[in-house]
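So the protein sequences, as listed, match chains A and B. Under our numbering, think of the first position of the first sequence as 1, with each following residue one higher. Under our numbering, think of the first position of the second sequence as 1, with each following residue one higher.
There may be inaccurate statements among the hints.
[Said to hold, decoys possible] Straight-line C-alpha distance at most 27 Å; calculated DSS-like pairs for lysine-lysine:
hint, chain 1, residue 1, chain 2, residue 2
1, A, 78, A, 97
2, B, 13, A, 97
3, A, 97, A, 55
4, A, 97, B, 57
5, A, 55, A, 70
6, A, 55, A, 78
7, A, 107, B, 52
8, A, 110, A, 78
9, A, 70, A, 110
[As the list claims (entries may be wrong)] Chain A regions said to be covered by chain B (calculated; three or more residues, Cβ under 8 Å):
hint, stretch
10, 66 to 78
11, 105 to 113
[Said to hold, decoys possible] Looking from chain B toward chain A, a few residues come up when the C-beta cut is under 10 Å (computed):
hint, residue
12, 27
13, 69
14, 72
15, 77
16, 84
17, 106
Honestly, the hints are just simulated from the structure, not real lab data. These numbers were taken from a predicted model, which means no experiment stands behind them. Heads up, the beta-carbon is just placed ideally off N, CA and C, and yes, glycines get one too.
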Amino acid sequence: AQTVTQSQPEMSVQEAETVTLSCTYDTSESDYYLFWYKQPPSRQMILVIRQEAYKQQNATENRFSVNFQKAAKSFSLKISDSQLGDAAMYFCALYSKGGSEKLVFGKGTKLTVNP
Amino acid sequence: AAGVIQSPRHLIKEKRETATLKCYPIPRHDTVYWYQQGPGQDPQFLISFYEKMQSDKGSIPDRFSAQQFSDYHSELNMSSLELGDSALYFCASSLSVPETQYFGPGTRLLVL
């Protein structure tokens, strides 16, 4: 079975500061992909970043970067220079090749950005 | 860039009625997925299609059915609606598996 755990239901950060959202996962597959999606109040699901398990290098997208620790099955998201528009629910998601085609999501972390 | 299109964006139905949700994937994307997100919940996978064939099935009630058409758009048909079906229904598309799934804006279904 595949599971994704986000242990922080809520986080807050000051504008321009850095925040890290945690995610741990479990899968028996050796080939898998990890994602962070952002869901603002509009409830649109927006892809933030993607990491292939076979890549050792951590993915980065502008102010967003991940810390992928494969042995520990950890996949945290770091947001640098936080902006008011970063306020949203953030979901960590797992896709395991060879198993179901579905994305398995964590319960989400609600991020508040304080001005 | 073109995104996934879903229609309608909002839908209000009575119990026991039928609803049809439509999804138009990103051009050239051949795989479509349906997810259901209840209030305060994470999205749950319902069903997926690859090249017009059902490719995977999740926790989709027997009252629901779906298909993908020759132009790759997909429809989710929901019958005998129940109050618990009220949710946000997402369609996502990808260029073959396991490419990244891109989500549409969702259809908000309210069953009264």
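Comparing the hints with the structure gives:
About 26 Å separates the Cα atoms of residue 78 of chain A and residue 97 of chain A, which keeps this hinted pair within 27 Å; it holds. At roughly 38 Å between alpha-carbon atoms, residue 13 of chain B and residue 97 of chain A are farther apart than 27 Å, so this suggested pair is violated. For the suggested pair residue 97 of chain A and residue 55 of chain A, the alpha carbons sit about 15 Å apart, so the restraint of at most 27 Å is met. Distance restraint check for residue 97 of chain A and residue 57 of chain B: the Cα-Cα separation of roughly 15 Å lies within the 27 Å cut-off, and the hinted pair is therefore satisfied.
Of the supplied pair hints, the one linking residue 55 of chain A and residue 70 of chain A holds, its CA atoms being roughly 10 Å apart against a limit of 27 Å. Between residue 55 of chain A and residue 78 of chain A the alpha-carbon distance is near 18 Å, which keeps this suggested pair within the 27 Å criterion. A threshold of 27 Å between alpha carbons decides the hint, and for residue 107 of chain A with residue 52 of chain B the separation of about 31 Å lies outside it, so the pair is violated. For the hint pairing residue 110 of chain A with residue 78 of chain A, the CA-to-CA distance comes to about 14 Å; that is within 27 Å, so the pair holds.
For a cut-off of 27 Å, the pair hint linking residue 70 of chain A to residue 110 of chain A stands: about 25 Å separates their Cα positions. Check on the stretch 66 to 78 of chain A: 0 of its residues sit with their Cβ under 8 Å from a Cβ of chain B, so the three-residue criterion for coverage is violated. Judged by the Cβ-Cβ criterion of 8 Å, the stretch 105 to 113 of chain A is covered by chain B as claimed, because 4 of its residues qualify and three suffice. Among the interface hints, the one on residue 27 of chain B is violated; its C-beta lies about 17 Å from the nearest C-beta in chain A, farther than the 10 Å criterion.
Interface hint status for residue 69 of chain B: violated, as the beta-carbon distance to the closest one in chain A is roughly 19 Å, over 10 Å. Because the smallest distance between the Cβ of residue 72 of chain B and any Cβ of chain A comes to about 16 Å, over 10 Å, the interface hint for this residue is violated. Checking residue 77 of chain B against chain A by beta carbon gives a least distance of about 20 Å; that is not within 10 Å, so the hint is violated. Because the beta carbon of residue 84 of chain B sits about 19 Å from the nearest beta carbon in chain A, more than 10 Å, this interface hint is broken.
Hint status for residue 106 of chain B: holds, given a least beta-carbon distance of 6 Å to chain A, under 10 Å.
Checked against the numbered hints given earlier, the structure breaks hints 2, 7, 10, 12, 13, 14, 15 and 16 and satisfies all the rest.
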